[in-house]
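Undergrad: If you read the sequence shown in numbering that gives the first Met the number 0, its first letter stands for residue 0, the second for the next number, and so on.
I should point out that these hints are in silico values taken from the structure, not numbers from a laboratory.
Mixed in with the good hints there might be a few duds.
To be verified - Dumping the calculated DSS-like pairs for lysine-lysine here, alpha-carbon to alpha-carbon at most 30 Å:
1) Lys58 / Lys109
2) Lys58 / Lys2
3) Lys101 / Lys143
4) Lys156 / Lys67
5) Lys53 / Lys110
6) Lys25 / Lys8
7) Lys27 / Lys9
8) Lys58 / Lys110
9) Lys36 / Lys110
10) Lys58 / Lys8
11) Lys67 / Lys19
12) Lys67 / Lys93
Unchecked claim - Simulated restraints on C-beta separations:
13) Thr33 / Leu146: 43 to 51 Å
14) Lys12 / Lys36: 30 to 38 Å
15) Phe56 / Glu112: 49 to 57 Å
16) Asp14 / Lys36: 17 to 25 Å
17) Thr100 / Ala60: 34 to 42 Å
18) Glu124 / Val64: 44 to 52 Å
19) Ala40 / Phe99: 21 to 29 Å
20) Lys161 / Tyr121: 16 to 24 Å
21) Leu38 / Glu11: 17 to 25 Å
22) Val13 / Leu38: 34 to 42 Å
23) Leu38 / Asp134: 55 to 63 Å
24) Val129 / Val151: 32 to 40 Å
25) Phe99 / Glu124: 18 to 26 Å
If you're wondering where the values come from, they're calculated on a predicted model, not measured in any experiment.
We put the beta carbon where it would ideally sit given N, CA and C, even for glycine.
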Amino acid sequence: MNKGQIEQKKEEKVDIHVNKVENDLKSKLEEYTTTLKLLQADFENYVKRTEKEKQEFTKYANHKVISKLLNLYDDFERAISAIKEDNEVKEGIKLIHKQFTKLLEDEGVKKMETVGKKFDPYKHEILDIVNGKEDDVVIEELQKGYLIHDKVLRTAKVRISKEENKNV
């Protein structure tokens, strides 16, 4: 082999080595790029999930205080119905009650409709069962139930009917 052929062989070996290194680097670059894209997607999902959790927490954060205020709200309603004559005191209490109602509505609180509805153990608490024409239907609301947004804040205390001729 002459000197030119030896140089050519060396250059071919170097080219092969350079190509192999270049291919290895491209492969590593693709691997790192894929990993980076996956990590970026995971991070974006994490940010979205924590933002959603934060919104949910904020949405329901004051439910304990509001549930305690519901007893006071019930007392206002009883006070209004207990005052028989229309006078300034009754009108004042009605105005406060109206403001209280608006405050609760602004916080996402709404009364549950119960009378005439089918008994739901997640929304109703049975205090009495009487004989009736229909089975498991709320016939009287003894204490109002409330929802906050889409969740039960306080169950309604109810009286339900059981079918008289039902064989158990």
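Undergrad: Assess, step by step, whether the Cα of Lys58 is no farther than 30 Å from the Cα of Lys8, and give holds or violated.
TA: The hint is violated at about 74 Å.
Undergrad: Would the hint linking Lys67 and Lys19 be met if the CA-CA limit is 30 Å?
TA: The hint is violated at about 73 Å.
Undergrad: Using the beta carbons of Val13 and Leu38, state whether their distance is inside 34 to 42 Å or not.
TA: At roughly 36 Å between Cβ atoms, Leu38 and Val13 fall inside 34 to 42 Å, so the hint holds.
Undergrad: Take the C-beta atom of Leu38 and the C-beta atom of Glu11, compute their distance, and say whether it sits inside 17 to 25 Å.
TA: violated, 40 Å
Undergrad: Should the hint that Phe99 and Glu124 are 18 to 26 Å apart at their CB atoms be regarded as holding?
TA: holds, 24 Å
Undergrad: So if I understand the rule, the pair passes when the alpha-carbon distance is 30 Å or less; does Lys58 with Lys110 pass?
TA: holds, 18 Å
Undergrad: Just to be sure I understand the hint, the distance between the Cβ atoms of Leu38 and Asp134 should be within 55 to 63 Å; is that true here?
TA: holds, 57 Å
Undergrad: Holds or violated: Lys156 and Lys67, Cα atoms, limit 30 Å.
TA: Holds, at about 16 Å.
Undergrad: Lys58 and Lys109 were given as a pair; does the straight-line alpha-carbon distance stay at or below 30 Å?
TA: The hint holds at about 14 Å.
Undergrad: Determine whether the Cβ-Cβ distance between Glu124 and Val64 falls within the hinted range of 44 to 52 Å.
TA: violated, 22 Å
Undergrad: Do Ala40 and Phe99 keep their Cβ atoms within the hinted range of 21 to 29 Å?
TA: violated, 47 Å
Undergrad: Take the C-beta atom of Asp14 and the C-beta atom of Lys36, compute their distance, and say whether it sits inside 17 to 25 Å.
TA: Violated, since Asp14 and Lys36 (Cβ atoms, about 32 Å apart) do not stay within the stated range.
In this structure, the hints that do not hold are numbers 2, 9, 10, 11, 15, 16, 17, 18, 19, 21, 24, in rising order.
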